[in-house]
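Visitor: Residue numbers (this note's numbering), protein chains in the order written: chain Y, 1 to 220; chain X, 1001 to 1540.
It is worth saying that the hints were derived from the structure and are not from the lab. It is possible that part of the hints are untrue.
Which residues of chain X face chain Y? A partial, calculated answer using Cβ under 10 Å [unchecked claim]:
1. Arg1027
2. Leu1114
3. Leu1173
4. Thr1181
5. Ala1225
Computed beta-carbon distance windows for the label pairs [to be verified]:
6. Phe208/Y x Leu1324/X: 30 to 36 Å
7. Arg181/Y x Phe1229/X: 25 to 31 Å
8. Phe208/Y x Pro1061/X: 53 to 59 Å
9. Ala1338/X x Arg181/Y: 55 to 61 Å
Just a sample of chain X residues kept apart from chain Y, beta carbon distances all over 10 Å, derived [as the list claims (entries may be wrong)]:
10. Ala1106
11. Tyr1145
12. His1230
13. Ala1330
14. Gln1348
15. Val1462
16. Arg1490
Here the structure is a predicted model, which is why all the values come from computation and not from measurement. Positions of the beta carbon are idealized from the N, C-alpha and C atoms, including for glycine.
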Amino acid sequence: MLPDAVEHHHPALAHQFDSLAQQREAAALGMWVFLVTEVLFFGGLFATYAVYRWWYPDAFAAASHELDILLGGTNTAVLITSSLTMALAVHSAQLGRRRLLLLFLIATMALGCVFLGIKGVEYYHKFVEHHVPGPGFEFEAAYARQAQIFFSLYFIMTGLHAVHMIIGIGIMLAMFWMSWRGRITADYYNPIEVSGLYWHFVDIVWIFLFPLLYLIGRHA
Amino acid sequence: MQTTVAALPPRHYLNDGFGIRSWLFTRDHKRIALLYLATITLFFFIGGAMAVLIRLELATPAGDLVTDETYNKLFTMHGVMMVFFFLIPSIPATLGNFLVPLMIGAKDLAFPKLNLLSWYIFVVGGLFTLYALISGGVDTGWTFYTPFSTISSTSKVVPTALGVFITGFSSILTGLNFIVTIHRMRAPGMTWFRMPLFLWSIYATSLIMVLGTPVIAITILLVAAERLFHFGFFDPAVGGDPVLFQHLFWFYSHPAVYIMVLPSMGVVSEVVAAFCRKPVFGYRIVAFASVAIAVLGFLVWAHHMFVAGISVYAAMIFSVLSMLVAIPSAVKVFNWTATMYRGSISWQTPMLYAMGFIGLFTIGGLTGVFLATLAVNVHVTDTYFIVAHFHYIMVGGALMGYLGGLHYWWPKISGRLYPEFLAKLSAGIIFLGFNLTFFPQFVAGYLGMPRRYHAYPPDFQVLNVLSSAGASILGVGYLIPMAYLMWSLRYGRAAGSNPFGAVGLEWMTTSPPPTENFATTPVVAWDAYDYKGEVEGRVA
Ligand SMILES: [Cu+2]
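Assemble the whole structure, with the sequences as input and the hints as a guide.
Guide: Written out as structure tokens, the structure reads:
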């Protein structure tokens, strides 16, 4: 607990709140509610995926084999590592260790960029192999139609995930700026904490996307 | 009871800064509420203009005023404007924005900047849709059914859909803000069960906004991707299923009906208590009924798809679940009626609207039970019976509640009284005009008149002429309040802090309230609707 004077007259305390504690709780709850929204946003996609995978298991397995498991696996490792650096950034912020915080924020952003770079390479391969749905789509004749649904889902699901990554990196840039200016202290670190929640959520989405898209029928 | 105040308070949120910048960059929830009010009024009259053209066309059996394609665009844009740009934001974004912090004794919403952002998002979404309207319109119906919307239609589907997509985020952010505010910003002593029922309604509504809206957002995105990039999600040519689109669409769009009507129910609870001078009968049950409606509302969506090829077992389950929604809805109607029993009722304008709501919502709700019944549903699917049913809910219910609430809190919002006689008169005109417009549509639909055609057999003309005549009366009824409310902003008598002698924190501050809402944070030591308590002693 902070002394009363700090708690109620902190420069970071917004006018509508009575105390920093109330502000922190509101920010955290706000982010959790937002993440619930995100769960339903991706939920619509997962529901669509479930229906078509149920209907066309063979086409989905065949199409899934066209994905690059090595690049996808590498990206999974990259993202999990970024979640670790993010957690360490939040921890450093709590301790008020600014240089460590800046370092971990940079690491998180860098890993995010690596992820997007690898994703870009994968997209490029799919483009070259005519696996982008639409008039130019090519696939073995038996599954030529239904594989389009798989690749449509692949592009929209990983694409929206990538958009979330880009937004996340933008948020991390803002966090870096705030920390650089010394506005993040051991008394007031909820922006970092809340951004961390968002970053972890985006990682978790990928943890579901990777097996559902890359690993269909790989055990055989 | 009526405190005699001759003039407005010297300092309030309306004179705290003048000029366009003080409005466009405001973070005051009360000013943002007014920004919304102006915007949705504009969209209401645009959507209303479409309705005027529709009713003019239908005055004669022949399709002589507009072509069939123009007619398709008219009813589509009428639906899109009214549903997404008027009804869904109507009460939450205006009265909700204004009242949530006041009713819980807070200085503002939890996230004032986010609140302003949500208005800007709303405006951008509206501009997209207006662009679609001006550049040729869209003809898919407000439901954007595939594969017509993704493959066949040549109209402006993508700009309209993006407009709806963008606007959805404004709705999500508003709901999020309300949920966090109600959880974390309540004044000392303001427990959950001391909150006015309006807040329970807004809370339940916010849950739907936060849980439902993202699903329609992703659905619309899939439609846009299918149309723009030839991705295959719902396209039968690659094995896609158009019925899946309907599932996803109605998963949001049925609960969206409760986004429209739950806040109106909240208004009715406040108004009935205030004008009967009694606490709402069965407070907790009414509060839980709001939550029950929000939850059950997510379990009934396929009643829009009974003829779309879903399995008969699914249809039976959705039929029964749909009927269950009638229970919490009826609980509310009975409890309002019980509140009025032996109350000292004063028939002022908000109470007239509340009575209108109770009657019309009951008709809309009961015909909803007819429609949930499989056999009847198949018989009247896509007829005017459906059109009449949902207008009884959305116009007879949601819009009546909105107008009632707008009148009830207008003295708080503007600090001035509206002219009571004119207001009562227009409430009567609206009630008459509404019933004349939509009751004949029940009959026409039951006799088999299909919706969404610009021409019809001459047998239906009498009913349609009645309906068109009613619509013109209804139109006049909407213009009168528009005129006198604007007039009252300048010429109305100063209202004083509590012109209706109501209880509730919002009445304990000045009208209009100061920017920070309360001079000191109130401490609540009483239940909602404490009309038996010493009201006088509590009015600041
Ligand atoms: Cu429905």
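Visitor: Failing hints, ascending?
Guide: As far as the earlier hints go, 7, 10 and 12 are violated by this structure, in ascending order.
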